[in-house]
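K.L.:
These are the residues of each chain, in order.
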Amino acid sequence: MNKKSFFNVEGLNKSFAGLKAVNDVSMHIETGEILGLIGPNGSGKTTAINIMTGMIKRDSGKITIDEHNIGDMPAYLVPVYGLVRTYQTIRLFKSMTCLENAMMGAIGVGIGRRAASEIAGELLEEVGLGESIGLPAERLTFRDQRLLEIARALAASPKFLLLDEPAAGLNEEETDMLLSLLKTLPGSRNIGILIVDHDMRLIMNLCNRLQVLNYGRTIAEGLPKDVQKNPEVVNAYLGSTAS
Amino acid sequence: MNTDILIEFAINVLSMGSLYALIAMGLCFVFGICRLINFAHGEFITVSAYTLYYLGTFTNIPWPFVFLLVVIVGLVVGYLSELIAYRPFRGRSLDALLVTSFAISIILQRLFQLGISPRSRAVPVPAYFNMNVTLFGVITPLRNLLLVGTTVILLVVVMLIMKYTPLGIAMRGASEDFVTARLMGVPANLVISVAFIISGLLAGVVAVFWSARTGSVEPLMGATPLLIGFISIVIGGMHSLPGSVVGGYVYALIANLLSLTLPSTLLSFRDAIMFVIVISFLILKPEGLLRGSYQEERVG
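Taken in sequence, the protein lines are chains A and B.
At position 67 of the first sequence the residue is numbered 68 (the numbering used here), and the sequence of numbers has no breaks.
At position 222 of the second sequence the residue is numbered 359 (the numbering used here), and the sequence of numbers has no breaks.
In case anyone wonders, no lab produced these hints; they're calculated from the structure.
No experiment lies behind these values; they were computed from the predicted model shown.
Using N, Cα and C, we set each Cβ at its ideal position, and we do this for glycine too.
Incorrect hints may have been included.
[To be verified] Interface residues of chain B toward chain A, partial, derived using beta-carbon atoms under 8 Å:
(1) L220
(2) A222
(3) G322
(4) V323
(5) P324
(6) R350
Based on the provided sequences and hints, a complete structural model is requested.
P.N.:
In structure tokens:
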């Protein structure tokens, strides 16, 4: 019924002043699934997301959605072909209202004002911000700003959503709420999600698959329960935090 | 008698303030998107004023069309300068853009001096511009009322565009956080071009009323409106369009208050006092009266 789309990254490389931030990373996500991208700080997760969305240029590698080579497109076309993101540090349009913020997602991909306003309104309801529609984004609580960013991204009707540490700064209860929201998205909207986060409880409960980066390189991938046991991963990542 | 002075004062503040608000808004559109103070904005006004001079003096085109053409020239100059002079340097340092804007300003000034004349030329305006009308017992030229009316209409139109059209919403987003807006699908070239086009259009409108007031056009005439516009956006808040408009009117209010209250011996120092006020603004309230929300990051 729902047509499947495929997000493919092949052999991505990026160096900063000789340091390999992303080293030959490949990644495959299809609509309907959630891939968790984890790794210690500085392992290249955010850099990878920045490259995929066209925010910074890659040195080499191929980034495609289905047959579209989005890696070679200007950044503003990337959402049009179905890829949007949220940010580790929230980047809302602070003085604009919640509705306008969410509308930006739809307007950016060429949806007209009326339809954009409808889509935005529905999404704000869905994430639980229906009451705050007319408030400037800067007046929202931290949690609600996170939710607004997600609503804004969804307003672009993406095929793939990249979430950069959506749970950062949220408490346990708020993270649970986020978890149940995110869990429904692949099914209800037929999208694929790439999530980066340090909250292992969120990652383990949410993701269908995991991919682990360390020093810009993929050191493991597979089912969460298998990755968790991988000695290299335990050594590089979990070993240092899970005590 | 006293109320007459008050009414005259109000008319002066409103008409001068309208002109200053239009200049400030023109600067603010470009600054909002590009974080660039466009030092060539004064020359956008000069080009349009020369257009008014030529069309009004040497052709028989009806006035409404002359004004339309003047505004279109302003708009085209704004667009072309973005295309030719700014776009190639975008993504370089802000200093580079700033120098470029000085360069355009100086090149245009020299072109006027060499190609037209270093001397000022009388600018014709329709007779009804200078027709005196009586308003609440005070006599004032009709152009002042036309200016206030035009400004109000432009402000409403701009406000509606920015508030309710997809392009306006995209531009507000881009002026707050250009990088994010771009990653949401807003094309950089589009919003920057539109900012320069609106800026040029406003310069065209200013040219008509500025030269109607002074009665002449000369190569270096752009310097004064540029300075006034710059001061206005400093007062009002550089990151906020409504702020720039408020700044324009506040500037006119202060300038007129000084003219009205200063003893004649101090009157020649009016501009100096004005600058002291501006400097105190920069020290005490550097974000201006209305603080817009924005990211420090620049178009890259």
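K.L.:
With reference to the structure, classify each hint as holding or not holding.
P.N.:
Taking the hints in turn, this is what the structure says about them:
no., hint, verdict
1, L220, "17 Å, violated"
2, A222, "22 Å, violated"
3, G322, "3 Å, holds"
4, V323, "5 Å, holds"
5, P324, "5 Å, holds"
6, R350, "35 Å, violated"
Violated hints, listed in ascending order, are 1, 2 and 6; each of the other numbered hints is respected by the structure.
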